[in-house]
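Just so you know, the protein sequences line up as chains A and B, in that order. Quick note: the first sequence uses the working numbering, first residue 495, plus one each step. Quick note: the second sequence uses the working numbering, first residue 2, plus one each step.
If you are wondering where the hints come from, they were derived from the structure by calculation, not from laboratory data. Don't take each hint at face value.
[To be verified] DMTMM-like, lysine to aspartate or glutamate: derived pairs with alpha carbons at most 25 Å apart:
id	chain 1	residue 1	chain 2	residue 2
1	A	LYS619	B	ASP47
2	A	LYS977	B	ASP124
3	A	LYS1021	A	ASP739
4	A	LYS977	B	GLU67
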Amino acid sequence: MKLRTFIKKRFGLALIFIGYAVSILWVFTRSDPIIQKRPVTISLAHWQLERGPSAGIAAIIKRYEELNPRVHVEQQMVPDAVWKQWMRSNLAGGTGSDIMEWGMWLAGQKDIPARYFEPLTAELKQPNPYNKGTALEGTPWEKTFHDGLIGPRRDSPDPGQIYAVTFTEVSTRLFCNIALLREITGSDRAPKSFDDLRKIFEKVHAYAQRTGKRVNSLAGSRDNGIWIAQNVFSGPLLKVNYSIDESGYLYLYNRQVLAAYLDGKWRYNQPGVKAGLQLIREVADAMKPGFLQLRRDDAMLEFFSGEAVFLYTGTWDATSLRQMASFEIVPMRLPPVTPDDPEVGPLIKGVGGEGQGETAMAMYLNKSSAHKAEALDFLRFATSVEGQQLFTDASLWLPAINGVKLPEPIKSFRDYQDGYALGQAPYDVIGSEVSMTWLRNFYQLSGAQGSPERFATVLDEAMPAAIRKDLQDEMRNTLLLVKPADTQIVAYAELAGETPEGRKAATRQTETEAGQTMSEGLAFQMKEQLERTAIGK
Amino acid sequence: MRGSPCFPDVTPLVRKTLLCFGWLCLAGGAWAQDAGLGEVWRNLADRQNTAAQLALAATPASAGRERQLAEAVVKLGRQPVTQATLREAEGELAQLAQGNDELAAQAGYLQARVWSVHMQTPDYARAAELYRALAKRFPTNHWARLGLVKLGMLTLYTLPEPADPLMRLRTVETMMPAVAEPPLQRDLNLQLARAAVLFGRPETETLVYLKAVDRVGGLVGLVAEEVVLQLGELSLRVGRLDESKAYFERFLRDFPTNNRGYNVTLKLQEIAARQHAAKGGQP
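All chains should be built: construct the whole structure from the sequences, respecting the hints.
As structure tokens, then:
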């Protein structure tokens, strides 16, 4: 009786005590330690959840922490499906990781670098200290990258500034289920031209109909579809691009393509562009119907199930393919569309090139990082010969810098197609609105009801507004950089002097002035183009 | 008489000690003030406006005109940017610009920038007027010369007069001697080159501007590569084969990682074929 009364009276207290004990246990066993062994923790966030990169980055971190006992590095892997929202909300809230991945193709995110990331231009001019004792000792950091950081320089919101360093190099390949190809076509020869590939598509289609087996030429998904479409679209666009290259860049930036459309210099229904649409229709029809509703994992699954002969994807998937497939996979180059192509040959200027490889997985330094110096130091190590060798060996992804020994299985990924450079992007992804309008209407191109003519007509009706909006966004994003540069220029001027720091400030003042003038000029040009081509004028 | 009006009841020794202490405090204060403004500028250079604001709050109001300038500059970047804050900053800059020193020129330049790019609805005519006035008052000052570069861009793209594109180009050309500093002249020439392409002027005209850009050099990033590429391509378009060849060869030599190398190699083959044909050989 007494016990019952006691329990009754003290039940609340006991509950609090138990709760407290559980909390203590949780804190000490499950959450971060109360006292960090290392005084500085930096974080690196990326969306590369494929097999490979996380192991590569973990290898870099392990060695870096050995060399720098006061720094702890956390790798944060965020699925690409939520990356954009995650990145923006964290950056806006001041809780962004110290180092973050970013890509200019992320729709609606073009303003991010200017708003939240730190330019690395000055640092990239200095040698990377972690390259001491290697062939790259004394070489400016920027020059140690295999492509001279062409992507971050091209995609920089601020001409003349470089905002990122890259961790790897990627190319796209046609990964082939070689046994299935042999079974269907009687040969395992890689197609040499797009017309050879076209013939394989026909044979696979006939085989599927004849045998009743579920098999497609290309494993299909929205992602894989977009990648292959961009490649085949580029062939005929070379001629169109060169016809409107008034500046003589031998290349077109998205802002130039957008402005040229508003000026009436090209249309989706002109023969060169329509030829590109025709090629996209051919590759789209080689995938399963409804592929636009699927993601890249679905395409992988289709390929692994033996229901597709080829998977067109980037070398970023190569490690996963190698580890997970139960059959032999041979990477092949997507054969180029050539001027002798029987369908679109007369509209082809030449073979589109892959350049000398473009480095990727661009990592940016968060402007608001509490440990900028440590984060920058980690980036230096990660892109040193030692760091990249660790990354490459553990991930089987190509390194971004020179002087790294390539493991045997990935040597062929550096065998690039030489050819013409097109520009920043093919005409389906020259802006966020353009991409969305394209995808919204894509059903007009593929399938029994679709056709290049129909799709082109619909695009020319819908695109003017989308293109105008994208050019306005380009202008706004450019202006975003111009305004804060005023503050910086004056600040550098005040800090300029005869000390080493003062001289550095003077150099930065001159560079920022030049960069600002270039950006401002571009913004004014876009303004002029928008006003001149405004509806009603 | 013992003491002084300030220290009526203390011995001379204590008085001297207190005075020394006072001087030390003042000197320390002055040092702290310098360090404070340095911190403000460092934060602003680092694009850390909030930290700059905090550092500024820690410096004494007596820090003079430089502090006033820093205050106005901080206001230009203070989030959220409001038109009221910008107008306030513009007023302060206008007042600082009344002086006759470097700081006045700097303030005058920034005042024009407020109207040119910072205001939600820019007033290009007002900005142009301020840039012109600055150039007149401080003809040899860097900020006035930088202002002329910006005036050049306004003239090319936004001001109503001159309306004729060719006249716009010519008007900006006349500013070049007053810009005087080679890096600024280079930047203005690059703007002229881009405007010439936009206005559909002949390639020969664009080439004049681009050559002026190239003579100064020092550009960073892809722009440096593209200027050489443009010089090669536009020279080829107007039939200056030797010049074009020299620029393209330089491009391949200096920028081996640029992915336009293949295009340039083909251009060089085209030039060789045309030169061969011109000498009487078969193309």
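Task: Numbers of unmet hints, in rising order - done: none
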